[in-house]
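Chains as they are written, first to last, in my numbering: chain A, 130 to 385; chain B, 169 to 411; chain C, 5 to 282.
A portion of the hints provided could be inaccurate.
Stated by the list, open to error - Cut-off 25 Å, straight-line C-alpha distance, at most; resulting in silico cross-link-like pairs (DSS-like, lysine-lysine):
1. A/Lys258 to B/Lys239
2. A/Lys258 to B/Lys263
3. B/Lys239 to B/Lys300
4. B/Lys278 to B/Lys344
5. B/Lys239 to B/Lys263
6. B/Lys277 to B/Lys263
In short, the hints are calculated from the structure, not lab data.
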Amino acid sequence: MERFARLADTFFDLEVMRRAFADLLTEGLVNTIYISASAMLFGLAGGLVFALMAISRRWWIRLPARAYVDLFRGLPAILVILLVGLGLPTAGIRPFGRYTPAYAILALSIIAAAYITEILRAGIQSVEKGQMEAARSLGMTYLQAMWLVIVPQGVRRVLPPLTNEFIILTKDSSLLFVLGLSLGERELYRIGQQVASRTGNYSAVMLAGLFYLLITIPLTRLVNYMDTRMREGKPGAGEEEPLELDPSASVPGGRR
Amino acid sequence: MAPRVALRGLRKSFGNLEVLRGIDLEVAEGEVICVLGPSGSGKSTMLRCINFLEEPTAGSVEIDGIDPSAKGVNIDRLRQRVGMVFQQFNLFPHKTALANITLPLRRVKKLSRREAVEVAQARLADVGLANKANARPIQLSGGQQQRVAIARALALEPDVLLFDEVTSALDPELVKDVLDVMKRLASGGMTMVVVTHEMGFAREAADRVVFMDEGVIVEEAPPRELFERPRSQRLRDFLDQVL
Amino acid sequence: MRSVNLRLLISIVALLALALAACADEPDEPEAPDEVDEVDEDEPVDDLGLAQEGVIVVGSDIDFPPFEFIEDGEIQGFDVDLMEEIAARLGLEVEWVDTGFDALISQLAADEFDALIAAMTITEERAETIAFSDPYFEATQALVVGPDSDITGVGDLAGMSVGAQDGTTGEAYAEENFTDSTITSFPSYPAAFGALEADQIDAVLADLPAAAEQEARSDLVVTEVIDTDEVYGIGVQQDNEALLAAINDTLAEIIADGTYADIYSTWFEGDVPPRFAD
Numbered sequence: 130m131e132r133f134a135r136l137a138d139t140f141f142d143l144e145v146m147r148r149a150f151a152d153l154l155t156e157g158l159v160n161t162i163y164i165s166a167s168a169m170l171f172g173l174a175g176g177l178v179f180a181l182m183a184i185s186r187r188w189w190i191r192l193p194a195r196a197y198v199d200l201f202r203g204l205p206a207i208l209v210i211l212l213v214g215l216g217l218p219t220a221g222i223r224p225f226g227r228y229t230p231a232y233a234i235l236a237l238s239i240i241a242a243a244y245i246t247e248i249l250r251a252g253i254q255s256v257e258k259g260q261m262e263a264a265r266s267l268g269m270t271y272l273q274a275m276w277l278v279i280v281p282q283g284v285r286r287v288l289p290p291l292t293n294e295f296i297i298l299t300k301d302s303s304l305l306f307v308l309g310l311s312l313g314e315r316e317l318y319r320i321g322q323q324v325a326s327r328t329g330n331y332s333a334v335m336l337a338g339l340f341y342l343l344i345t346i347p348l349t350r351l352v353n354y355m356d357t358r359m360r361e362g363k364p365g366a367g368e369e370e371p372l373e374l375d376p377s378a379s380v381p382g383g384r385r
Numbered sequence: 169m170a171p172r173v174a175l176r177g178l179r180k181s182f183g184n185l186e187v188l189r190g191i192d193l194e195v196a197e198g199e200v201i202c203v204l205g206p207s208g209s210g211k212s213t214m215l216r217c218i219n220f221l222e223e224p225t226a227g228s229v230e231i232d233g234i235d236p237s238a239k240g241v242n243i244d245r246l247r248q249r250v251g252m253v254f255q256q257f258n259l260f261p262h263k264t265a266l267a268n269i270t271l272p273l274r275r276v277k278k279l280s281r282r283e284a285v286e287v288a289q290a291r292l293a294d295v296g297l298a299n300k301a302n303a304r305p306i307q308l309s310g311g312q313q314q315r316v317a318i319a320r321a322l323a324l325e326p327d328v329l330l331f332d333e334v335t336s337a338l339d340p341e342l343v344k345d346v347l348d349v350m351k352r353l354a355s356g357g358m359t360m361v362v363v364t365h366e367m368g369f370a371r372e373a374a375d376r377v378v379f380m381d382e383g384v385i386v387e388e389a390p391p392r393e394l395f396e397r398p399r400s401q402r403l404r405d406f407l408d409q410v411l
Numbered sequence: 005m006r007s008v009n010l011r012l013l014i015s016i017v018a019l020l021a022l023a024l025a026a027c028a029d030e031p032d033e034p035e036a037p038d039e040v041d042e043v044d045e046d047e048p049v050d051d052l053g054l055a056q057e058g059v060i061v062v063g064s065d066i067d068f069p070p071f072e073f074i075e076d077g078e079i080q081g082f083d084v085d086l087m088e089e090i091a092a093r094l095g096l097e098v099e100w101v102d103t104g105f106d107a108l109i110s111q112l113a114a115d116e117f118d119a120l121i122a123a124m125t126i127t128e129e130r131a132e133t134i135a136f137s138d139p140y141f142e143a144t145q146a147l148v149v150g151p152d153s154d155i156t157g158v159g160d161l162a163g164m165s166v167g168a169q170d171g172t173t174g175e176a177y178a179e180e181n182f183t184d185s186t187i188t189s190f191p192s193y194p195a196a197f198g199a200l201e202a203d204q205i206d207a208v209l210a211d212l213p214a215a216a217e218q219e220a221r222s223d224l225v226v227t228e229v230i231d232t233d234e235v236y237g238i239g240v241q242q243d244n245e246a247l248l249a250a251i252n253d254t255l256a257e258i259i260a261d262g263t264y265a266d267i268y269s270t271w272f273e274g275d276v277p278p279r280f281a282d
């Protein structure tokens, strides 16, 4: 019983949680969402470019995309974060001056782009060949056909793994603490961890976890909902030719 | 005046498989040509070469006397002169029927939004689907989808329209509507190359019927002559099977 | 962790023994439950409340030179030498457990180890959860800057960004006193010094020994030394008064006979602070 009491004290002390609540809500949650959402946006843009490169018929266009994906999917996130957040400025490359969150976003974007490349590539390649042919036969250029016809369909099919990627990105943003975030820049985990190192009490970290769940659980539900809709082939769920969709194709390339 | 389409010594191989082995064919302005032949005879490949979806291994394809491989020829521009309708419709599933048509009008022909919608509505009316403008492809029957696809190709005012087995994927009761639209186009003076298994259509609408087998044109003649007095054994065998 | 498994094993044996005793329905028979206790009776150090005879399990965050760090595969540093000396005098072997600084207190409280030594400043907040020994070190802070910095002391810090390590005296001191500066906390000193070398921050406020070590091995400079009146203590579990007393007595002994000064001069330059000199 004494162990449980200690567990409750160390991890679930309501008083410690109450004191950390405001910081977690107004600073941590805001920054976590801001950082993850920005990284997702840039990751999508980068991922799209690399995905288009990855399906090129020319090997010298494919090669850099392949290398990029292999490199940044293969490295631990924390290493990339250090490399970008500390390595770049050390090398004198300081596009964002001293604004650490921007380096953090860049690092997470680089990682996200690598995963999103694979997700989008799978999505784009799942679009029937006839769509490209129809678009070309209507006089569209390759890039027009890609942008107006293929990509919109491909992206819809991979919305579940893309959402999944955003969930993982949100959780990965907790690794940014290694860069040192000052007051006002701290994300959820950082705030909780700081309380823990000052007091030896983990309750604030647990409360931070609760805030992560606040972001991730609705998204997880959304992924499941979209998955189900796609499998059942209801219109408006993104997939409009349900009979041709292999259920396993609805989550290609994502990380779990 | 140069023929709308001219194929000269057209050859196409996929790896070791030679699908087209020297095709010569000219299609004149306003001419309707039906292409018959057993599956694997190279009919569709020939059609796709006319639209530059396949690159010839040898020989040439000319549209209005223009060779796309010649210097300074923009293949995307040239392709606008050639419309194509596919067996699987290939409508854009994320767009409404109307938007399927306005998309290339706006992006390729650079029409204003208002002009594009006007043209699209007119072409939908031509194929009898004015009331389906806002339907998504999935909400349409196969026959309706195919008619939207025809309207989409027509909207770009191509010089020649290619049909690749456009009724093969349709339920039998939906075939007639599509064929009726095609017959109307044919009698309206549209230059058409139609790969089909619909002998009735070929008999009724074609100016000339081409019979292909094993990558070459075996016979070509006006429909009455070709169907009633086939000269080669291969065509006789084919007609025996399909009629 | 070996110690945990062993304790788990003992617990299971004890439970089994108790269960057996209960099932046996023979209240007069004392042997079964005693089997476990018998081990304890062999050694007198039993009263130090250690889980394992003759071994004191000590937790630390072993990435903090010169107090505790691993070099050439060996755990070493000032804290390490001091703790080994105390343990030796108590007839104990030290078993080191390496963990994160912020996890130390809760793990000690959760009986993951018997004591902790980690250049940890004695604070009231921490003393709510664990007990601290008498001070064994004066936590003087040092302001570290880059080689070409214009900062000559804490007076120049207005508008500057100052780094510190999470949960350290330096961090607390900086937040309290450098109100015109941006304080950025890092999970470790290496991370903070890394950011300083990358010119992402202007200065780092660190424990003097750590700062001196950094100055010696890089081109960073200690520009001012700040006395914060804070001291380090060895942490023990709150209910283990025997161990606390034993450590305090031994520490006093070590200071009195000059051993402390020897250890101090192994790791630090300059004079031993008066309170720790013999």
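Problem set entry | 25 Å Cα cutoff - pair A/Lys258, B/Lys263 | Holds. A/Lys258 to B/Lys263 sits at ~17 Å (cutoff 25 Å).
For this session: Decide if the proposed pair is consistent with the structure: B/Lys239 and B/Lys263, CA atoms, cutoff 25 Å inclusive.
Result: 36 Å, violated
Exercise. Under the criterion that the straight-line Cα-Cα distance not exceed 25 Å, is the pair B/Lys277, B/Lys263 satisfied?
Worked result: It holds: about 18 Å lies between the C-alpha atoms, which stays within 25 Å.
For this session: Quickly compare the C-alpha distance for B/Lys278 and B/Lys344 to 25 Å and report which way the hint goes.
Result: 34 Å, violated
Exercise. When you check the alpha-carbon spacing of B/Lys239 and B/Lys300, does it fall within 25 Å?
Worked result: 43 Å, violated
Exercise. Are the Cα atoms of A/Lys258 and B/Lys239 separated by 25 Å or less?
Worked result: 28 Å, violated
In this structure, the earlier hints numbered 1, 3, 4 and 5 are contradicted, and the remaining ones agree with it.
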